[in-house]
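Q: Sequence:
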Amino acid sequence: MVLTRGYGLLSEYEYQALILSIKVSLYAVVWLIPIGVSLAWLLAKKQFVGKSIIDSLIHLPLVLPPVVIGYLLLVVMGRKGIVGEWLYESFGLSFAFNWKGAVLASIVVALPLMVRAIRLSFENVDSKLEQAASTLGASPIKVFFTITLPLTLPGIITGTMLAFARSLGEFGATISFVSNIPGETQTIPLAMYTFIETPGSELEAMRLCVISVVIALSSLLVSEWMSRQCSRRLGAKQ
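Counted from 1, the sequence shown has number 179 at position 179 by UniProt numbering; the numbering is strictly sequential.
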């Protein structure tokens, strides 16, 4: 069955992989934004015992082989895992071998990119502005939401788009944790892998490759444009 969807002619099989990839990436970003902002603020603004350990753990997925990340997720969050068994027995929540696990794998591998981008923005915020707002009677929460967070918006946008693009291209951790199930966990990279392993499917693999490049490149270009717009508006207000 061939459907005209987006970028040329896609089979239903390819279309499902495309939609699932976008779905997984969007869900991952939704969860990553509050987590990434919180961790970036903590690392940029606070000093505490064990800070370097937390920082190293957050960035560990950047240096670990993706397959190792997937295996660790399976051990910890699988239905018989250390945490996964409790989640399944208590709430009926299972991550292994379904799209929720693909979201979790994307969150883990994309978190360092988001935290790094947002942390740099937090560190570049002029502390004198925050101190001035505090001396005028603003509470710490009000200072954060009216001064710190708006000034950090370009970094949040950049981190979000990087996380989206990274989630879209996630392969190793996903296939190790949730396998390669068509319609359930088979995202674009996993579908490409299937096509590459199937004789005579080079055209299908190329189509998905082009789609991946276009979406990822578009995300980066949109990120750059939005960051520039935010920086201009913040500069004009100041």
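In short, the hints are calculated from the structure, not lab data. Warning: the hint list may mix true and false statements.
[Stated by the list, open to error] Computed spacing ranges between beta-carbons, pair by pair:
| hint | residue 1 | residue 2 | range |
| --- | --- | --- | --- |
| 1 | Lys23 | Glu224 | 21 to 31 Å |
| 2 | Leu120 | Leu203 | 14 to 24 Å |
| 3 | Ile141 | Leu64 | 32 to 42 Å |
| 4 | Ile181 | Ser52 | 32 to 42 Å |
| 5 | Ser52 | Phe145 | 41 to 51 Å |
| 6 | Val213 | Gly183 | 37 to 47 Å |
| 7 | Ala132 | Tyr71 | 42 to 52 Å |
| 8 | Trp225 | Val67 | 29 to 39 Å |
| 9 | Leu217 | Pro34 | 23 to 33 Å |
[To be verified] Straight-line C-alpha distance at most 27 Å; calculated DSS-like pairs for lysine-lysine:
| hint | residue 1 | residue 2 |
| --- | --- | --- |
| 10 | Lys46 | Lys23 |
| 11 | Lys128 | Lys51 |
| 12 | Lys128 | Lys46 |
| 13 | Lys23 | Lys142 |
| 14 | Lys142 | Lys51 |
| 15 | Lys100 | Lys80 |
| 16 | Lys142 | Lys46 |
| 17 | Lys100 | Lys23 |
| 18 | Lys128 | Lys45 |
Every residue, glycine too, gets a C-beta built ideally from N, C-alpha and C.
Q: State for each hint whether it applies.
A: Results for each hint:
Separation of Lys23 from Glu224 is about 25 Å and conforms to the stated range, judged on CB atoms against 21 to 31 Å. Checking the proposed 14 to 24 Å range against Leu120 and Leu203 shows it is violated: the Cβ atoms sit about 42 Å from each other. Checking the proposed 32 to 42 Å range against Ile141 and Leu64 shows it holds: the Cβ atoms sit about 36 Å from each other. In this structure, Ile181 and Ser52 meet the distance hint of 32 to 42 Å, their C-beta atoms being roughly 39 Å apart.
At roughly 29 Å, the beta-carbon separation of Ser52 and Phe145 lies outside the given 41 to 51 Å, and the hint is violated. A C-beta distance of roughly 24 Å is found between Val213 and Gly183, which places it outside the suggested range of 37 to 47 Å. A hinted range of 42 to 52 Å for the beta carbons of Ala132 and Tyr71 is consistent with their spacing of about 50 Å. Distance hint check for Trp225 and Val67: the Cβ-Cβ separation is about 35 Å, which falls inside the suggested range of 29 to 39 Å.
Distance hint check: the CB atoms of Leu217 and Pro34 are about 27 Å apart, consistent with the given range 23 to 33 Å. For the given pair, Lys46 sits about 34 Å from Lys23 by alpha-carbon distance, which is inconsistent with the 27 Å threshold. At most 27 Å may separate the alpha-carbon atoms for a hinted pair to count; Lys128 and Lys51 meet this at roughly 24 Å. A hinted pair counts as satisfied when its Cα atoms are at most 27 Å apart, and Lys128 with Lys46 qualifies at roughly 16 Å.
Between Lys23 and Lys142, the direct Cα distance comes to roughly 34 Å. Violation of the 27 Å bound is thereby established for this hinted pair. For the hint linking Lys142 to Lys51, the alpha-carbon distance of about 25 Å falls within 27 Å, and the restraint holds. For a cut-off of 27 Å, the pair hint linking Lys100 to Lys80 stands: about 16 Å separates their Cα positions. For the hint linking Lys142 to Lys46, the alpha-carbon distance of about 18 Å falls within 27 Å, and the restraint holds.
Simply put, Lys100 and Lys23 have alpha-carbon atoms about 10 Å apart, close enough for the 27 Å limit, and the pair holds. For the hint pairing Lys128 with Lys45, the CA-to-CA distance comes to about 14 Å; that is within 27 Å, so the pair holds.
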